[in-house]
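Peer 1: Going by numbering that gives the first Met the number 0, the residue at position 2 of the sequence shown is 1; the numbering climbs one at a time, nothing skipped.
Careful: at least some of the hints might be erroneous.
Unchecked claim - Simulated pairs of lysine-lysine, BS3-like, Cα-Cα distance not exceeding 27 Å:
1. Lys257 to Lys268
2. Lys189 to Lys201
3. Lys120 to Lys64
4. Lys268 to Lys189
5. Lys247 to Lys268
6. Lys120 to Lys189
7. Lys189 to Lys212
8. Lys247 to Lys257
In case anyone wonders, no lab produced these hints; they're calculated from the structure.
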Amino acid sequence: MGGDPKMRQIYDKYGTMGVQMAGTDVGSQLLEIEGFLLTIFILISIVCILVIIFFSFLSVRVDGKVTWDYRVVFIPLWIVDAVLFGVAIMATITPVDEESIERELDEENDETSSAAREERKTKLMRERRTSKLFRGIYMLVFVALLTAFQALIARRANDSDSISGPAVFAPYFALEGLLILGALLGFLGKVRQQQIPTAMSKIRVFFESIWWKVARLVLAILIMLRIDNNITCSWGVVFIPLYVVGLKYLLQIVFGYKTFSKSDNVEVKTQGQTLMVLLGVVF
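Build out the structure end to end from the sequences listed, making use of the hints.
Peer 2: Next comes the structure, spelled out in structure tokens:
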């Protein structure tokens with residue numbers, strides 16, 4: 000360790016355990032992305048705190064304990080939107096990692112000339128930049144639609160006659176349309192790459208890709224119609240799509256428990272059953 004500056008640096012920062020981790024494949028990878036993981040955890044913590052503050056503001060406003068404008072109530076969520084917007088911009092402008100492409104080319108073990116390798120690298124760089132740009136634009140549009148939806152909800156909450164339900168939900172429907180489009184493109188990509196061999200597998204993968212998004216969309220349409228009094232059924236009926244979602248997850252837990260119960264491996268059986276019971280308690 001004394002002759003390795005990198006190991007000395009790891010020892011000074013993490014001690015003996017850090018050096019031991021650096022000696023394993025997983026540990027060395029974790030140490031390399033330490034800064035990235037720390038940033039992610041900090042962002043998640045900030046978002047969770049702001050969401051808690053928003054619901055605190057919302058509860059006191061709905062109870063009439065304060066008379067704030069709803070645009071004030073939504074400030075924590077708009078801060079979250081600003082954070083997401085910044086993340087989207089950073090993800091878009093961050094340059095492509097050339098080292099990862101070099102490692103990928105090394106792992107291919109393709110004995111080609113240096114000119115062919117350089118051409119392959121240039122092609123991969125171009126594909127990654129294009130993919131990064133499209134993902135960044137997708138994220139920016141997503142955040143913009145989410146922010147617009149929140150702003151329209153605040154306006155409607157301040158004055159129910161100021162804007163109609165369809166106008167309030169227009170950004171949300173566009174947002175769900177983006178998500179459904181992304182799911183469909185992902186499904187078609189798997190089909191083209193022949194990752195889904197059988198017809199039944201295709202139906203199952205298609206259903207898993209789309210069902211939750213469709214349920215949300217139907218729920219949003221029912222809420223929109225109900226708040227405009229275009230339908231007069233009880234709110235219990237409006238939330239039927241949500242009950243269906245809950246029923247699906249409950250059935251998954253039950254079938255998962257039964258599947259693990261049939262396992263011949265005692266350890267896998269015990270761990271699986273425990274996990275299903277915990278999920279059932281959370282549910």
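Peer 1: For every hint, state whether the structure bears it out.
Peer 2: Results for each hint:
no.: 1; hint: Lys257 to Lys268; verdict: holds (10 Å)
no.: 2; hint: Lys189 to Lys201; verdict: holds (9 Å)
no.: 3; hint: Lys120 to Lys64; verdict: violated (62 Å)
no.: 4; hint: Lys268 to Lys189; verdict: violated (32 Å)
no.: 5; hint: Lys247 to Lys268; verdict: holds (23 Å)
no.: 6; hint: Lys120 to Lys189; verdict: holds (24 Å)
no.: 7; hint: Lys189 to Lys212; verdict: holds (19 Å)
no.: 8; hint: Lys247 to Lys257; verdict: holds (15 Å)
Going down the numbered hints, you'll see the structure goes against 3, 4, while the others check out.
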